[in-house]
Each structure stands twice: as C-alpha cells, then as structure tokens.
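Put chain X on the given structure of chain L with help from the hints.
Sequences listed follow chains L and X, in order. Note that the numbering used here has the first sequence beginning at 514, numbered continuously upward. Note that the numbering used here has the second sequence beginning at 30, numbered continuously upward.
It cannot be assumed that every hint is accurate.
Taking lysine-lysine and the DSS-like style, the derived pairs with C-alpha atoms no more than 25 Å apart in a straight line are [as the list claims (entries may be wrong)]:
| hint | chain 1 | residue 1 | chain 2 | residue 2 |
| --- | --- | --- | --- | --- |
| 1 | X | Lys88 | X | Lys245 |
| 2 | X | Lys245 | L | Lys716 |
| 3 | X | Lys458 | X | Lys423 |
| 4 | L | Lys833 | X | Lys337 |
| 5 | X | Lys347 | X | Lys337 |
| 6 | X | Lys423 | X | Lys347 |
| 7 | X | Lys347 | X | Lys186 |
| 8 | L | Lys682 | X | Lys458 |
| 9 | L | Lys895 | L | Lys833 |
| 10 | X | Lys350 | X | Lys337 |
| 11 | X | Lys347 | X | Lys245 |
| 12 | X | Lys186 | X | Lys245 |
| 13 | L | Lys895 | X | Lys198 |
| 14 | L | Lys895 | L | Lys548 |
| 15 | X | Lys88 | X | Lys150 |
| 16 | L | Lys739 | X | Lys150 |
| 17 | L | Lys739 | X | Lys186 |
| 18 | X | Lys245 | X | Lys416 |
| 19 | X | Lys70 | X | Lys347 |
| 20 | L | Lys739 | X | Lys198 |
| 21 | X | Lys347 | L | Lys895 |
| 22 | L | Lys716 | X | Lys186 |
| 23 | X | Lys150 | X | Lys347 |
| 24 | X | Lys186 | X | Lys350 |
| 25 | X | Lys88 | X | Lys70 |
| 26 | X | Lys150 | X | Lys186 |
| 27 | L | Lys682 | X | Lys186 |
| 28 | X | Lys350 | X | Lys150 |
| 29 | X | Lys186 | X | Lys337 |
| 30 | X | Lys150 | X | Lys245 |
Simulated from the structure, these hints should not be mistaken for laboratory data.
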Amino acid sequence: MEVFRQFAVPTAYVRECQGGRLKPPFHMNTLLIQKLQPTTLADVQHAVRDSERLHVRGAGTKTGLHAASSVATTLDVSALRGVIDYQPQEFVIAAFAGTPVAEIETLLAQQGQYLPFDPLLSGRGATLGGMVATNANGSGRFRFGGVRDFIIGANFVDGAGTLIHGGGKVVKNAAGFDYPKLMVGSFGRLGVLVELVFKVFPKPDEYTTVRITKPNIAEATAAMLKLMGAPLDLEALDILCGANGVRPVVEIRVGGIASSLPQRIARIQQMAGEGEVLSGEAEREHWQQVREFGWAGDVLIGDGLIGDGPITKIPLTPEKMAGLDALLANSNIARRYCVGGNVAYVASAFANAQWPGLLLLGDASLEMPSTRGDHALAQRVKFALDPQGKFV
Amino acid sequence: MSDTHSFAHSLRALFPPDRFLTNDAALATFESDALTVFRIKPIGVVIPETQDEVVQTVKLCHQFGVPFVARGSGTSLSGGSLPIHDGIVIALNRLNHVLRLDLEQRVAVVEPGVINLNITKAAAVAGLIYAPDPSSQTICTIGGNVAFNSGGAHCLKYGMTSNHVLGLKVVLPDGEVCQLGSDSLESIDADYAGLFVGSEGLFGIALEITVRLIPKPEVYRTMLCAYRTMEAAGDAVSNIIASGILPGALEIMDNLSIQAAEAAVHAGYPLDAVGLLLVELEGERDQVEAEHARLMQVIEASEPYFVKEARNDDERMKIWKGRKSAFSAVGRLSPDYIVQDGVVPRSRLGEALREIGLLGQRYGMRVANVFHAGDGNLHPLILFDGKQPGALEKAEELASDIIEMCIRFGGSITGEHGVGVEKRAHLPKMFGESDMNAMHHLRRTIDPDELANRGKMLPVGEAPALSHVGPHPLERAGIISRE
Chain L
514 MEVFRQFAVP TAYVRECQGG RLKPPFHMNT LLIQKLQPTT LADVQHAVRD
564 SERLHVRGAG TKTGLHAASS VATTLDVSAL RGVIDYQPQE FVIAAFAGTP
614 VAEIETLLAQ QGQYLPFDPL LSGRGATLGG MVATNANGSG RFRFGGVRDF
664 IIGANFVDGA GTLIHGGGKV VKNAAGFDYP KLMVGSFGRL GVLVELVFKV
714 FPKPDEYTTV RITKPNIAEA TAAMLKLMGA PLDLEALDIL CGANGVRPVV
764 EIRVGGIASS LPQRIARIQQ MAGEGEVLSG EAEREHWQQV REFGWAGDVL
814 IGDGLIGDGP ITKIPLTPEK MAGLDALLAN SNIARRYCVG GNVAYVASAF
864 ANAQWPGLLL LGDASLEMPS TRGDHALAQR VKFALDPQGK FV
Chain X
30 MSDTHSFAHS LRALFPPDRF LTNDAALATF ESDALTVFRI KPIGVVIPET
80 QDEVVQTVKL CHQFGVPFVA RGSGTSLSGG SLPIHDGIVI ALNRLNHVLR
130 LDLEQRVAVV EPGVINLNIT KAAAVAGLIY APDPSSQTIC TIGGNVAFNS
180 GGAHCLKYGM TSNHVLGLKV VLPDGEVCQL GSDSLESIDA DYAGLFVGSE
230 GLFGIALEIT VRLIPKPEVY RTMLCAYRTM EAAGDAVSNI IASGILPGAL
280 EIMDNLSIQA AEAAVHAGYP LDAVGLLLVE LEGERDQVEA EHARLMQVIE
330 ASEPYFVKEA RNDDERMKIW KGRKSAFSAV GRLSPDYIVQ DGVVPRSRLG
380 EALREIGLLG QRYGMRVANV FHAGDGNLHP LILFDGKQPG ALEKAEELAS
430 DIIEMCIRFG GSITGEHGVG VEKRAHLPKM FGESDMNAMH HLRRTIDPDE
480 LANRGKMLPV GEAPALSHVG PHPLERAGII SRE
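Here chain L stands alone, though its shape is the one from the complex (with noise of 0.2 Å):
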C-alpha cells in the first residue's frame, strides 16, 4: 500500500477559521493531508480497520465531492485496477473498482458492446467505483436505465473492514439483499467499492442526432414530451439552454442499424421539427463532449472541449422543468436537462434548498443543502455497515 503525506491548506479550513468557528489544528500552511493508496483487496481492508476517518475516491474527477480534510484519511482506490472477467457473449463484464471507465468502454466496443447510459466524465479518468458511487449517469439513461440497471454485483469492504460480497456474476439474479442497487449514490458513506459486476449490451451500429432549436422552454418541453409519449426508442433526449439568452435546443439521438436511421429521423422531424442532422464523427464527438460537460464552458484544454466550470446535478420530473428554469434563466447560467426532463446538469454552483442539488464539479468547500435521505431506513443501513461513522 502506498502512503502518501501532503501539506496543503485546504480553502474549507481557511474559511472556518477566518470565520472563527474552528481553530486551525496546526498553523495553517503545515496541515497534514493522508493518503492512503491501497493494491490489494486486503490493503483495503487493513487501511479500514485502522483508520478513524476515511474519505473514499477514485480518480477523484468529480472535484465537488472531494473536500480537502486533516480529519479523514483519503483513501485512494484508483490503483486496484483491472478487469477481472469479460464475457461478451454472457454481457457480463468483471471489474476492481479503480478501473477507468474509458478502459471498459475501449474493450467492450471491441466487442461491440458498451455500457448504455454514458458515464459522466470518463474522458477524465472517471473510475467505475466512482461511476457507481456517484451514480453519474449522462443522456444516454434514457434508452436503457442507468447504473442501477446495469450493475449486478458489488463487493464492498464495510466499515469493520469485512468483505462482503453482493449480487452476483449472471444478467437475472434475485438471490439475497440487493447490495449492489444500494450502493448507488451511496458516495463511499456505506462502504468501499473494491470489485463491481456490470451487464453490458450490444451497442448499436451507428447513431444520428437531431437538434431542435425551440423559441422557449415550454416549447421545448412540449416538444420533449410528445417524443416521450411516442412508441420511439431514443437513445437520448435531452434540451440544451445556453447562457445569455440563447434559444433552447431539443437534442434528439437514435442508434440502430444504419439502413433504418433515415426514416427514424425523418419521423421525428415531423413531429418535433427540421433542426440540424449530425452523423459520422461529429455526431459522436457532440454526446462525448456532452459527458464531459464540454457545453457548460468555453475552456479549450488539448485536443477537447472541457468546461472547467462548477456543475451542479439536480434531479427533477419534467412538470418541474419550467419552474427551475425560469431561475436559471433569470441568473443567466447554462443549463442541460437529460433523460426527458428527470435531471438537469446546471453550469453553476447552484445551492437553492428548494432545489436540492450535487455540486459535481467545483470547489467541493462551498455549502451546499444537504440532499441526503436522513429518514429511519437510510440511518439503521449506515449503522449496520459504519457504526463508528468512518466513511465520510
């Protein structure tokens, strides 16, 4: 196991202490930062059982939820990495947690296969523990389900540093406690992710994209929502509103074989409008630019498009699509709904305790409302997995 020790002063310390609520334990340019890097599953279990505090990441790309602490020992599971079984005629694919995602996608696609709900941020780095952790779906949800759907099994290390083992290795399974469901948007509170099972499925040949561009929201809207009530299967459908004013977009993909592609869009053009094809390259480097929040900013960084502003996710219902956008709007800030209306990935760090939201992205310090379930079942599952409160 690799221990890393660091001295930085974390931005959450410096403001408590200017604020006068917390008395800096050292002088604040020597505060002691601990990482722990473990290779083994065991590593993992031995880093647990002697640590009081842990905060779990995996690549840690999704810079809202990693706050800087002399608390909580980090525990760093990128480097237990790895498939561990790939069978593309079960669609089953094997996994350690630290796995990049961009890894599985690039072997999967060589077997024509992939995982249908576009994991956020892979481009990257995002690893398949934090994949799950963060339940960090893009528009590609739409079509199949998300990272709950597809995950079939997860071993975990619980907070008395036990392995547990969850689900299972076959698609159909309904033996024991659902571990692996729970997991999901658990954010390492409940415990590590070390191993992960995933269904895969046959990818579609080629894709072609539609971009509506509506006068308003509601519009958009309406125009959503008769695609949603069409015996239609859309691969994604999201509605795109810029900054400034800028008139929002319908954005409408189909995947399929390539001989039926035509007269699929041609058919959603009659009923949503003309707006502008895009197929080939274009077509695929749009929705990868889209997983990586390249729409929220400008920020040219390489050979991709990468916003490098704060995101914020927000769960919402299609009915609730007008009232949160008329707030955006007001305060100018870019906006994408995904997955017809049931989340909008917001270019801010938008803290509103009416709109309960994830900071994704941005600096992980800033106080957002709290959006976790504090009812009597969410806290009898954290007292049995992490009596002592490790995991934070």
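Relative to chain L, chain X alone:
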C-alpha cells in the same frame, strides 16, 4: 389478560370482525401460497383497507412481538408468503388503488394490492405499459412483485421489477414510515428503494409504489423455430446474441413441454421438435424491420427444420399462450410437480440441460424444461406422484441437485422467484459465511425482533415440514400458473 389476548383485543379495536379472521375455515385459504408443499396456519388474518390500518397493525405487532407476513394474491413459488407460527397475515388485496397516474411524466403511484396487469390496463389509454410481466401477471400483486423482485419473459431487455420501481413509501417493521426514492429516474442519494425491492418482506411492507411506465412497443415480430436437438436451439440463441440483436424475449421449450402445451392450448407448436425456440423482436417499426432481416439470416444459418412467424396479434397471443401455460400443461402430465428457477451463464445452458437430463435419469424422474434462454434462467419442472411414498422427498433432492449445479456453474439459485422458504438452505452455498452474517446483521439492524416475514430468505429456527397437498386451488382452477 395474556399478551396474545391483549394483542387480539387491540386488533379487534382496529378491525371489524369480517376483516380480522381467526376461525379455522377462514384461515385455511391463507395457509400456503403457490408453493403448496408448505402449510402453516397463522393465528389470524387482518384485511386492512387503508395504509394507516397497515401501519397500526405493524405497530401492534412490534409492541406485542408478534411476527407478521404481508400477502397479496399468494402466487409466490418460493413460499414467500407462507404464514408464521404464532404470527398474523396482513392481506393487502384491498389496498388496490392506483393513487396517481401521470401519463405525461410516465409514472404511476399504486398501492401494494394492485394487480400487476391492471397498471398496464390503466396506462393503455396513453399507449404506455408497465414492463415486468411475470406469468401470473393477471393475478399477482405489485406488492408481492416488489418484495420478490419478480421477473418475466422480457427481463433481458427491460430488467426486473426493481428496474421499474422509482420510489416507495414503506412501513418498517417497528411501524416507522419512510419515503424512499422519488418520482424522478435520477437521484443523488444511495438507492434505498433498490435495496428494499427483493428484500422478501424482511424490511417491512411497501404502502405506495411509484413505478415507471414505458411506451408500448410499436411492433412485435414473434417467431417459432424448431430444432432436432436442444444443442441446436441453444446455439441459435448464442448466435442471435453474438449478432448484436437484443430481442425482447428468447425462450426455449423441450419436447415434453411442447407436447403438453400443444395438447392444452393448440398453440401451433411442431410436436416432433426436440427444442423449440421462441424469439420476439419488439420496438420501433423501422428498427424492428431492419433487425428482423438480420435475425432471419442468423436463424437460417442455425438450420431449424421449421420456422413460423406470427402474422397477426392473434397468432402472437397464441404462441405466447402456449409458452405461458406450459407449466400448468406439463403439470397435467403428472399428479404433482416442482419448479425451480436457477440461473446459469447463457453459454453453459447446453451443459446445464444435459446435466439435468442425466440427473432425471439417475433419479428415475421426468423433468420438463421451459426457460428464459436469453438470460440463462432455467425452469426445470420435476414431475412426480406425491401419493407414492418418498416421491416428494426424492423430487426435492433432485431439485436441490439442480440448484447446486447452478451455483457450481457460477449462476444463481433463483432468477425471479426469490429465495423464500424453499431455497433458504441454499443461500449460504451461494454466499459465504461472512456474507450471510452481514445479511443477518443488516436484517437485525432494521428489524431486531425479526418480525417481518420471519424465516424467509435467511435461515432461522426449524424448517417447516414438507407435506404433499397437490396444486393450489387457484392453480387447479387454471387462474394461476407457475413460472
């Protein structure tokens, strides 16, 4: 006054006499579910009509330490709603209201006693469906589907019950009520609704279930392909999967099942087929047409000696009727049968079927096979005559050998029926000791007195004795079937 009397007294204050049953005749209906080899008489059955009555009942059970079993239509094949000695049954059939049907947002909020198919019926006006379709969907309730994460023939593409439940309002075993999940497909918290689904009633009772609805597929193309060997049928499945097509359903039946189904419903199955493959493509018109062309190439290459495609909805329904009634039809070939639902990796289906055949020979028992080939979910039906001494025990032993084979092949002891009472002895063979301890620990943290559906999934106390009783009255009447 003894505790039992105080408990009964409190229930009488909560329920009128016709909704708190205690006499033997009335309790008889509730003694077992579709797994009829187990029978236990509860001390009483309450029939709540409101969510509050359910919560009050659970609170009383908690106060007096009385175990309870929630029950819908009693179609569990794993003994999931078997009563508990000294416990009560909470029959949820009257909590059968669709509370909210939001067709624009594609969600429905329903009570646990709503019949599975009724959700689709309610949503049909907007061209939407509730996707999970267990064979008992005309009678099973959504509450039972939630407790046991029920499957059906279309799981490969659309998943099981848990993939369609977005939110739950539940009462925990001590009477505390919580809301898990929401109306949205997305979430920024751990998936507690996902944990609750399939927990076999051990974490409490679902009071309200938010399900997602999806558009009814625009077109279906349903095909029957007959083969001279089971291996050829199995190879065809592998080749379809390898071609990149994702059918809505991929089912295989063996000759015994074909004969029985054909005799029962005249589905038009070729009687001399050794293995019969049922493939269904479904979805958007133009895509399905393109897939169909590709599928037919794969099927032709697999050299079936007979191919038939449903030309219209009636023919499609007939094909499915044969498949869905295969179990009860096979049941008619024999006085009794046991059905299992273990899972093996799809690529080992051929091997698994050979082994089941050999086991059948070794035990001298007939085993029919009907299965969801797309996801490796077996359904061996073990035929026996319960009136012969030792036959039931021998059938159970054979069933047990098949389950162990599934574990050995890297599969699961259950794909969709759940562990229940029936397979709880096998769960520790699939999971290690520390995993079993962890499950017990989680259960006891949520329900320290183990009141909610005690004895299901996790082994506790002594196992109930097997008894031979024949099919459930509803099954005899052809209302329910085992799948």
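Quick rundown of the hints versus the structure:
At most 25 Å may separate the alpha-carbon atoms for a hinted pair to count; Lys88(X) and Lys245(X) exceed this at roughly 41 Å. Between Lys245(X) and Lys716(L), the direct Cα distance comes to roughly 22 Å. Compliance with the 25 Å bound is thereby established for this hinted pair. For the given pair, Lys458(X) sits about 20 Å from Lys423(X) by alpha-carbon distance, which is consistent with the 25 Å threshold. A distance of roughly 48 Å separates the Cα atoms of Lys833(L) and Lys337(X); the hinted pair therefore is violated under the 25 Å criterion.
With a C-alpha separation of about 12 Å, the suggested pair Lys347(X) and Lys337(X) falls inside the 25 Å cut-off, and the hint holds. Between Lys423(X) and Lys347(X) the alpha-carbon distance is near 35 Å, which puts this suggested pair outside the 25 Å criterion. Between Lys347(X) and Lys186(X), the direct Cα distance comes to roughly 22 Å. Compliance with the 25 Å bound is thereby established for this hinted pair. Of the pairs offered as hints, the one joining Lys682(L) and Lys458(X) holds, with about 15 Å between alpha carbons and a cut-off of 25 Å not exceeded.
Under the criterion of a C-alpha separation no larger than 25 Å, the hint pairing Lys895(L) with Lys833(L) is inconsistent with the structure, at around 31 Å. A C-alpha spacing of about 16 Å is found between Lys350(X) and Lys337(X), which places the hinted pair at or below 25 Å, so the restraint holds. Between Lys347(X) and Lys245(X), the direct Cα distance comes to roughly 19 Å. Compliance with the 25 Å bound is thereby established for this hinted pair. About 14 Å separates the Cα atoms of Lys186(X) and Lys245(X), which keeps this hinted pair within 25 Å; it holds.
Restraint check: the Cα-Cα separation between Lys895(L) and Lys198(X) comes to about 19 Å, which is no more than 25 Å; the hinted pair holds. In summary, the hint linking Lys895(L) to Lys548(L) is supported, as the alpha carbons are separated by about 24 Å, within the 25 Å threshold. Under the criterion of a C-alpha separation no larger than 25 Å, the hint pairing Lys88(X) with Lys150(X) is inconsistent with the structure, at around 34 Å. The hinted pair formed by Lys739(L) and Lys150(X) meets the criterion: a straight-line CA distance of about 21 Å does not exceed 25 Å.
For the hint linking Lys739(L) to Lys186(X), the alpha-carbon distance of about 24 Å falls within 25 Å, and the restraint holds. Annotation: proposed proximity of Lys245(X) to Lys416(X) is violated, straight-line Cα distance about 46 Å (limit 25 Å). Using a Cα cut-off of 25 Å, the hinted pair Lys70(X) and Lys347(X) is violated, with the two alpha carbons roughly 39 Å apart. For the given pair, Lys739(L) sits about 30 Å from Lys198(X) by alpha-carbon distance, which is inconsistent with the 25 Å threshold.
Of the supplied pair hints, the one linking Lys347(X) and Lys895(L) is violated, its CA atoms being roughly 50 Å apart against a limit of 25 Å. Among the hinted pairs, Lys716(L) with Lys186(X) is consistent with the structure: their alpha-carbon atoms are about 13 Å apart, no more than 25 Å. Between the alpha carbons of Lys150(X) and Lys347(X) the distance comes to roughly 20 Å, so the proposed pair stays at or under 25 Å and holds. The suggested pairing of Lys186(X) with Lys350(X) holds, with an alpha-carbon distance near 21 Å, which does not exceed 25 Å.
For the proposed pair Lys88(X) and Lys70(X), the alpha carbon gap of about 22 Å is at most 25 Å, so the pair holds. A C-alpha spacing of about 21 Å is found between Lys150(X) and Lys186(X), which places the hinted pair at or below 25 Å, so the restraint holds. Restraint check for Lys682(L) and Lys186(X): satisfied, since their Cα atoms lie roughly 17 Å apart, inside the 25 Å limit. For the hint linking Lys350(X) to Lys150(X), the alpha-carbon distance of about 19 Å falls within 25 Å, and the restraint holds.
A hinted pair counts as satisfied when its Cα atoms are at most 25 Å apart, and Lys186(X) with Lys337(X) qualifies at roughly 23 Å. With a C-alpha separation of about 11 Å, the suggested pair Lys150(X) and Lys245(X) falls inside the 25 Å cut-off, and the hint holds.
Figure legend: structure checked against the earlier numbered hints; hints not met, in rising order: 1, 4, 6, 9, 15, 18, 19, 20, 21.
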